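Student: Chain by chain, the residues:
There are 2 protein chains.
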Amino acid sequence: MTQRIHDVLINGQWRPSSHTSEFSPTNPATGEPLPLSFPVSDWSDCDAALSSAANAFAELRKRKPEAIALFLEKYASLIEADKDGLVDIANQETGLPKAPRLADVELPRTINQLKLAAAAARQQSWSMPTIDSKANIRSCFEAIGPVCVFGPNNFPFAFNGISGGDFAAAIAAGNPVIAKANSSHPATTHRFAVLADQAAKATNMPSGLVQLIYRTSHADGEKLVADARLAAIGYTGARTAGLKLKSIADQVGKPFYAELSSVNPVVFMPGAFRDRLDKLIDEYVMSGLMGAGQFCTNPGMLLMIDSPESTKFIEAVTAKYQASAAGTLLSRSVETSLVKSIAILKNAGAELLTGGTKLDGGRCAVANTVLRIRGSQFLGAPELFQTEAFGNAVLIVVCSDLNELAAAIEHLEGNLTGSIYSDSNGSDDGEYQKIALALTHRVGRVLNDKMPTGVAVSPAMNHGGPFPATGHPGFTAVGIPASMVRFAKLTCFDNVRETRLPVVLQNANAPHAWRLVDGNWTNGSIV
Amino acid sequence: MTQRIHDVLINGQWRPSSHTSEFSPTNPATGEPLPLSFPVSDWSDCDAALSSAANAFAELRKRKPEAIALFLEKYASLIEADKDGLVDIANQETGLPKAPRLADVELPRTINQLKLAAAAARQQSWSMPTIDSKANIRSCFEAIGPVCVFGPNNFPFAFNGISGGDFAAAIAAGNPVIAKANSSHPATTHRFAVLADQAAKATNMPSGLVQLIYRTSHADGEKLVADARLAAIGYTGARTAGLKLKSIADQVGKPFYAELSSVNPVVFMPGAFRDRLDKLIDEYVMSGLMGAGQFCTNPGMLLMIDSPESTKFIEAVTAKYQASAAGTLLSRSVETSLVKSIAILKNAGAELLTGGTKLDGGRCAVANTVLRIRGSQFLGAPELFQTEAFGNAVLIVVCSDLNELAAAIEHLEGNLTGSIYSDSNGSDDGEYQKIALALTHRVGRVLNDKMPTGVAVSPAMNHGGPFPATGHPGFTAVGIPASMVRFAKLTCFDNVRETRLPVVLQNANAPHAWRLVDGNWTNGSIV
Chain A
0 MTQRIHDVLI NGQWRPSSHT SEFSPTNPAT GEPLPLSFPV SDWSDCDAAL SSAANAFAEL
60 RKRKPEAIAL FLEKYASLIE ADKDGLVDIA NQETGLPKAP RLADVELPRT INQLKLAAAA
120 ARQQSWSMPT IDSKANIRSC FEAIGPVCVF GPNNFPFAFN GISGGDFAAA IAAGNPVIAK
180 ANSSHPATTH RFAVLADQAA KATNMPSGLV QLIYRTSHAD GEKLVADARL AAIGYTGART
240 AGLKLKSIAD QVGKPFYAEL SSVNPVVFMP GAFRDRLDKL IDEYVMSGLM GAGQFCTNPG
300 MLLMIDSPES TKFIEAVTAK YQASAAGTLL SRSVETSLVK SIAILKNAGA ELLTGGTKLD
360 GGRCAVANTV LRIRGSQFLG APELFQTEAF GNAVLIVVCS DLNELAAAIE HLEGNLTGSI
420 YSDSNGSDDG EYQKIALALT HRVGRVLNDK MPTGVAVSPA MNHGGPFPAT GHPGFTAVGI
480 PASMVRFAKL TCFDNVRETR LPVVLQNANA PHAWRLVDGN WTNGSIV
Chain B
0 MTQRIHDVLI NGQWRPSSHT SEFSPTNPAT GEPLPLSFPV SDWSDCDAAL SSAANAFAEL
60 RKRKPEAIAL FLEKYASLIE ADKDGLVDIA NQETGLPKAP RLADVELPRT INQLKLAAAA
120 ARQQSWSMPT IDSKANIRSC FEAIGPVCVF GPNNFPFAFN GISGGDFAAA IAAGNPVIAK
180 ANSSHPATTH RFAVLADQAA KATNMPSGLV QLIYRTSHAD GEKLVADARL AAIGYTGART
240 AGLKLKSIAD QVGKPFYAEL SSVNPVVFMP GAFRDRLDKL IDEYVMSGLM GAGQFCTNPG
300 MLLMIDSPES TKFIEAVTAK YQASAAGTLL SRSVETSLVK SIAILKNAGA ELLTGGTKLD
360 GGRCAVANTV LRIRGSQFLG APELFQTEAF GNAVLIVVCS DLNELAAAIE HLEGNLTGSI
420 YSDSNGSDDG EYQKIALALT HRVGRVLNDK MPTGVAVSPA MNHGGPFPAT GHPGFTAVGI
480 PASMVRFAKL TCFDNVRETR LPVVLQNANA PHAWRLVDGN WTNGSIV
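Here the protein sequences line up with chains A and B, keeping their order. Residue 510 in numbering that gives the first Met the number 0 sits at position 511 of the first sequence, and the numbers go up by one each step. Residue 44 in numbering that gives the first Met the number 0 sits at position 45 of the second sequence, and the numbers go up by one each step.
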């Protein structure tokens, strides 16, 4: 079969990459490479994309926000129209089920994000306009400049570098995007880029608004991040690679928004087990094995206090993990990494209750895995036992009492989420209070009686958290418009003449944006 | 004269420092050391302060915001009552005039900041509560944890580590503060700490709420920044030291808010010179020499287009710089650094029109200095010509035409401010448009027809800007409540039971905070 090397999208043109090597994605359901070939770009591709993005940014700053909204809406409609094709190719590259996952959940979410971003761009409240009318000082967030988005492996649509949350947020804030495809689903990313390019041309956007590179060498990736033409980076992926790139961005004071890793601790208070043990077993297993555990918010660590109920919970979970078919993992690399993480936990002293090994055959898969340790073991090596086992594996920490549980929580690293289940009738509210503040301090989102999987696209969402879950505890990667402010700079206009102000800061407030005027929020005009 | 070594304030106690060496501040008006001695703390002081701050934070999280407001108000009143003493000692240590500067401008500003911070803490709108009532997802900013504040040399009151803007913002957001005194005014800082400690005790605050260390070794300073008990850092000061500490904080994903350096370009359009040349000469000289130029927002670089008016402007400014008495610099170190920066600019090819040398005698002072280059010189070595000459020196860049001016602006580094003067009648609005977007993109605050000195404490202020002016372009160091969010983490409460929510997220909205509820800002309750 012919393996024509795919073109890159640079400066509004599909063109052959300046590359020295190529790669093919693998179908994780078979373990076989797909008959597709993609280039590993060299620096000249990056350089051309950066220059084009810089030009696009200069041009974009002269456009009205409405233009960006129209682009995003056009793009959303093209995605909708190409749904079947996108689902097919993503299924081949990721092994994720066509339905409900890809077709009925992730694609609608992706389209919804783009539409919400369009509305936010148009309405401009995201820019947090703040006006001191007496002093004639006015400020708002403005576009920061070209953004590079590194998409993760686990959401080929909703976090894709050229269609996902970071992309939507960066574009809606007024920035060109250079997308770096995830190497595990380049064909899906290519298909999105075709649609994005069509939408950009149909809405007369500058030619460098959206660009696509599939892969670079590590050295060129680092050079790209450091380049002065690039203003910010959105990165979702592995911790080691992310931290390396972050350190480069940090040296030049460039915002690097990283989502790195999280074990998402779930605490079951004794009252919850007394209240509804069977329900909790089902609720946990459903969440823990969903998508073969390959969610940023997968509940990878359960904490509980030793009791007859906790023993029963663990036995039941173990049995259900044994009885359930192991899901397909996203890639051989995820499989390898999961087996390695399980080995680290075992070597540190965790007891393997089930699973732990790669399944036979070509499919990328590891047996559903349950590991158990005592609270005292956790306290002896808290860092080691927080090794993320990305996939269908869970570590259960059984504490001897509430004090040990509280101590374990004090040793948690930063996480995206932390959940606490307790008695519906509030009988254990006192115990809840003993751990809730400490857990809340260590996570971006605290949940009650709810599993962390499922990240609602809500203005009140925080998909973020203290290091090492992300690189800064003040920002969310999900939730329009809050996620947009990451790709913006704060600008103050001091005594600037009315006609020279951004429209959103002018007295008339044409977009009817919410603004903080002299201490009060209003969407009215200043008279 | 006895030189008793001053105690440090740790865990609510004034106690002898565990130190190996000591230092004395200098009176810059005489160049002589003051008869005062301060310890260079070793690690055990830092360690004790960190532990106490961590305990204070745990305790503080149980208190109501009202408690913090009462502390800040009590502290403000104690400062007010000790005004004369504070002004005396600050005058001795910094050479800044007692009046109007210290007594009539900076101290009232400091007191005002603390009161505004108290009001913001009480009212809680700063925490940006956001509620999705249908999904029952609620988020807000919460205290981040113990903060270390490194105060700068140039504002012994308003940016002091234990009384200034970062201090007020960090405390008001609910965080304990470890203050690191600036070595040029330790006695002033000590005097504030006495008052802060009194206020903390009078309002029953946890004993580690406010702590003071004067100085550490570089190694211990770095260890302090890296320590897991410390959550964030506010740093205002020299670029080299700041970047070193920032890199350490970055490695552990800890917010490091740095204000580093800025030349604050001021552009005079030809129309402005035609419109009001004499007025602009006076306006510039007043701003440029104010406080011997030792402001973060001092206009250190002027850009203009060659014309008879620009020649006249430069001649007049040079004459006025020659005729004005040189102000006292804050320290010998500022003097040395200024002479060095002037030499760098001269060696790069700048023409010295006046000044350039240290004044005779013990006083810390350099002759008022004007340097001039052509736009083409600037474009040949833009980085070198942006060397900050902190103090009473200015670099004038004379461009051949508008295109060269626009090119020069494209080569500006990140700055706190950028000003553009143009014709009052708008005759040069077209030329303004050719440079305004590019300048705006490179600064935190853009001004029209106004000098950048004078940073209003306004909610709409941005005292920040792109790197290297600061470490992140999205945050301001001045302006309550916006500056508080730096010392906070975003926390989302997902399905959390009503009584367990922070008060500001509960339906009743007892503090009447402004909240974004289902897309609309309101200070009402949810019914």
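Treat the hints as calculated values from the structure; they're not laboratory data. These numbers come from a predicted model, not from an experiment. Incorrect hints may have been included.
Unchecked claim - For lysine to any residue, the following SDA-like pairs were computed, each having C-alpha atoms within a straight-line distance of at most 25 Å:
1. A:K133 x B:K133
2. A:K63 x B:A405
3. B:K133 x A:N447
4. B:K222 x A:K133
5. A:K449 x B:I525
6. B:K339 x B:G360
7. B:K278 x A:A134
8. A:K449 x B:T498
Claimed, not checked - Cβ-to-Cβ under 7 Å is the rule here; a few derived chain B residues that face chain A:
9. W13
10. A134
11. R137
12. V193
13. V445
14. L446
15. F466
16. G470
17. V495
18. E497
Backbone N, C-alpha and C define an ideal beta-carbon position, used for all residues, glycine too.
Student: With chain A as the partner, please determine if G470 (chain B) meets the hint condition of a C-beta pair closer than 7 Å.
Tutor: Constraint on G470 (chain B) satisfied, holds at 5 Å.
Student: Between the alpha carbons of K133 (chain A) and K133 (chain B), is the straight-line distance 25 Å or under?
Tutor: violated, 38 Å
Student: Under the criterion of a CB-CB separation shorter than 7 Å, is V495 (chain B) in contact with chain A as hinted?
Tutor: holds, 5 Å
Student: Would the hint on V193 (chain B) be counted as holding, given a Cβ-Cβ threshold of 7 Å to chain A?
Tutor: Because about 31 Å separates V193 (chain B) from the closest Cβ in chain A, which is outside the 7 Å limit, the hint is violated.
Student: Hint validation: A134 (chain B) versus chain A, beta carbon distance must be below 7 Å. Holds or violated?
Tutor: holds, 5 Å
Student: Take the shortest C-beta to C-beta distance between E497 (chain B) and chain A; is it under 7 Å?
Tutor: Since the shortest Cβ distance to chain A is 10 Å, the answer is violated.
Student: Identify whether the interface hint at L446 (chain B) stands, where standing means a beta carbon of chain A within less than 7 Å of its own.
Tutor: Check passed: Cβ of L446 (chain B) comes within 4 Å of chain A, closer than 7 Å.
Student: Checking one constraint from the list: CA of K449 (chain A) to CA of I525 (chain B), max 25 Å. Satisfied?
Tutor: The given pair, whose Cα atoms are some 23 Å apart, holds under the 25 Å limit.
Student: Under the criterion that the straight-line Cα-Cα distance not exceed 25 Å, is the pair K449 (chain A), T498 (chain B) satisfied?
Tutor: holds, 17 Å
Student: For the restraint on F466 (chain B), tell me whether the closest CB of chain A is nearer than 7 Å.
Tutor: holds, 3 Å
Student: Tell me if the straight-line CA distance from K339 (chain B) to G360 (chain B) falls inside 25 Å.
Tutor: Answer holds: K339 (chain B) to G360 (chain B) is near 19 Å, not above 25 Å.
Student: Is the hinted pair K278 (chain B) and A134 (chain A) satisfied, with a Cα-Cα distance of at most 25 Å?
Tutor: holds, 22 Å
Hint check: violations occur at hints 1, 4, 9, 12, 18; the rest are consistent with the structure.
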